[in-house]
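Line by line, the protein sequences give chains A and B.
Residue numbering for the first sequence follows the working numbering, beginning at 2 and increasing consecutively.
Residue numbering for the second sequence follows the working numbering, beginning at 935 and increasing consecutively.
In case anyone wonders, no lab produced these hints; they're calculated from the structure.
Remember, predicted model here, so these are calculated numbers, not experimental data.
In this text, a Cβ means the ideal position worked out from N, Cα and C, and glycines have one as well.
Worth double-checking, as some hints may not be accurate.
Just a few of them, taken from the derived set where beta-carbon distance is under 7 angstroms, the chain B residues facing chain A [said to hold, decoys possible]:
id: 1; residue: Phe-986
id: 2; residue: Leu-1009
id: 3; residue: Lys-1011
id: 4; residue: Val-1014
id: 5; residue: Leu-1017
id: 6; residue: Gly-1150
id: 7; residue: Ser-1152
id: 8; residue: Leu-1164
For lysine to aspartate or glutamate, the following EDC-like pairs were computed, each having C-alpha atoms within a straight-line distance of at most 20 angstroms [to be verified]:
id: 9; chain 1: B; residue 1: Lys-1011; chain 2: A; residue 2: Asp-112
id: 10; chain 1: B; residue 1: Lys-1148; chain 2: A; residue 2: Asp-112
id: 11; chain 1: B; residue 1: Lys-1148; chain 2: A; residue 2: Glu-10
id: 12; chain 1: B; residue 1: Lys-1011; chain 2: A; residue 2: Glu-303
id: 13; chain 1: B; residue 1: Lys-1148; chain 2: B; residue 2: Asp-1027
id: 14; chain 1: B; residue 1: Lys-1011; chain 2: A; residue 2: Glu-286
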Amino acid sequence: MEIYLPIAEVSINALLLLMLGAIAGILAGMFGVGGGFLLTPLLIFVGIPPSVAVASQANQVIASSVSGFQIQLRRGNVDLRMGFVLLAGGLIGSTGGVFVFGFLKRLGQIDFVIAASYVVLLSSIGTLMLIESWRTWRRQRAGVPVRRKLHQHYLVHRLPLKMRFYTSRLYISAVLPFMLGLAIGALSAILGVGGGFVMVPAMIYLLGMPTIVTIGTSSFHILVVAANVTVLQAITNQTVDIVLAMLLILGSVVGTPVGTRLATRLPGFGLRGALAVTILGVATELVFELLAPPHSLYTLGEILR
Amino acid sequence: MRRAGCLLVGIPLAALLAHAAAAQVERPLLVDLTRPNVRVNAAFHGAELTLFGTMDGPGDIVVVVVGPPQRQSVLRKERVMGLWVTGARQIFDNIPGFYAVAASAPLTRVLARGEVAGETILLDKRLQEVVPVGGGHRSATEMSAFREGLRAAKTRIGLFPVELARVAVQGERLFRVDLEFPSNLPTGTYEIRTYQVREGHITSTVTRPLTVAKTGFSARVYNFARNEGLLYGLFAIVVAVFAGWAGAAVTRRT
């Protein structure tokens, strides 16, 4: 079932796109993070122009974060005050990111920057996850209970502009969440990912937020940043393919409950280990493409109308 | 009076017939397409058109399909610290969006005397009309490497097919050829030139336009995105929010 994507200007199998969306959904259901970080490289593999893949992916991220956000909001697990501080950085970061994206696209460097950023991102996340799941497996085998400190003092306690975040029960500097939002926003604009897989660990380990509020608060941040990226990409680079985004959304809506069910049946460390291996596989493939001599030295750049 | 009337009608009629006969001699080549346009809609995955026509007597038929001229950049990959990155970039103007030649016999035989003066048939000659924008600092060999790279890249993605198809000729009168177009076809106005060639000379030419345009849903989405970027972006957000919310609501119930 071939479908012609009006903005990407390629004809591609609709079922394949639905399947990719479902994979992202399954990941979202299993790990509570949107599968954007795997979806964008996969879209590029199947022949979607990288700039269209990134921008349309941002549109898909909106849909996948809406449901998480509304569920967590109803349960009172969203720290809106923290969310707005993050967003202040996120909106600046993502707006800047979209303009950097457009600039790199005009230079003909965007494909390389996307590939290289993914290599760095995926290989570091994959390695971290692999180490973490291996440790969990070892600990479970040894039967040692997990022990965590009740309260820790991090870097955040030494910076100025301290704010009270009641929902998170924190009294920390606003500078660090602002910077975190900025970084995630830029990442979101250039790579089309929501950034939940970076943001949630950062909230827990860097800011010291209680785990329960991280999913809802990061969903809130991701939702607004992805909306900002979608509008800006649509205005400046005109690379948002709504047909592509809709197919991905449809697939992910079906995939999410499957992932949730899978997560309850399979052991957590094994699951994370499998995901880590997948991520490292994609990263290796991208590295090969950067290292191997290209089939031809000359490629076509942008059509300038 | 009545006879005079007949005469008056008769003279122009004879003149008209003579004129028509002359036209017949001047334009011995008649060409038509099964469709005057290619519609790029949501189900588009390439197109096939049949060009057919008649000619007068022996000779070969050459059909040239030329896409709209484009301005495009060509990128060269360079190795920097072991990584292949995009290095130099050269813009060219007047690149044919698509170029294909079909003939009733091998082109080396039809055009045994080489390219006909004043006409552009072979891709090689058409590519000479492609002009670089800037890049005056480049050496001639570097520029020709970029040109060759452009040609190879367009061939790779199927927009410069090496040989399109063979023109079938019936009894030195009737001919037809199936023209195949890939799914990444650029939109715009194409020119399809049909030549009748006899002993290396063009005896007649017919040029027909072919419109390749997005239609229906694809065209609406494309124009919306092009002309109303802000509104399109907001629309995309609303659709995604609704889809995400509805999807979650449905899956929670089941």
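A quick look at each hint next to the structure:
At about 27 angstroms, the closest approach between the beta carbon of Phe-986 (chain B) and any beta carbon in chain A exceeds 7 angstroms, and the interface hint on this residue is violated. Checking Leu-1009 (chain B) against chain A by beta carbon gives a least distance of about 5 angstroms; that is within 7 angstroms, so the hint holds. For Lys-1011 (chain B), the shortest C-beta to C-beta distance to chain A is roughly 5 angstroms, which falls under 7 angstroms, so the interface hint holds. For Val-1014 (chain B), the shortest C-beta to C-beta distance to chain A is roughly 10 angstroms, which exceeds 7 angstroms, and the interface hint is violated.
Evaluation of the Leu-1017 (chain B) hint against chain A yields a held restraint, the C-beta minimum of about 5 angstroms falling below 7 angstroms. At a threshold of 7 angstroms, the smallest CB-CB gap from Gly-1150 (chain B) to chain A is about 10 angstroms, leaving the interface hint violated. Contact between Ser-1152 (chain B) and chain A, as hinted, is supported at the beta carbon level, the nearest pair being about 4 angstroms apart and thus within 7 angstroms. Nearest Cβ of chain A to the Cβ of Leu-1164 (chain B): about 6 angstroms, under the 7 angstroms cut. The hint holds.
Restraint check for Lys-1011 (chain B) and Asp-112 (chain A): satisfied, since their Cα atoms lie roughly 12 angstroms apart, inside the 20 angstroms limit. At roughly 27 angstroms between alpha-carbon atoms, Lys-1148 (chain B) and Asp-112 (chain A) are farther apart than 20 angstroms, so this suggested pair is violated. A hinted pair counts as satisfied when its Cα atoms are at most 20 angstroms apart, and Lys-1148 (chain B) with Glu-10 (chain A) qualifies at roughly 10 angstroms. Taking the CA atoms of Lys-1011 (chain B) and Glu-303 (chain A), the gap is near 15 angstroms; set against the 20 angstroms cutoff, the hint holds.
Taken as a hint, the Lys-1148 (chain B) and Asp-1027 (chain B) pair is broken in the structure, with Cα atoms around 23 angstroms apart against an allowance of 20 angstroms. Straight-line distance between C-alpha atoms of Lys-1011 (chain B) and Glu-286 (chain A) comes to about 19 angstroms, which keeps the hinted pair within the 20 angstroms bound.
In summary, the structure is inconsistent with hints 1, 4, 6, 10 and 13 from the numbered list given earlier, while agreeing with the others.
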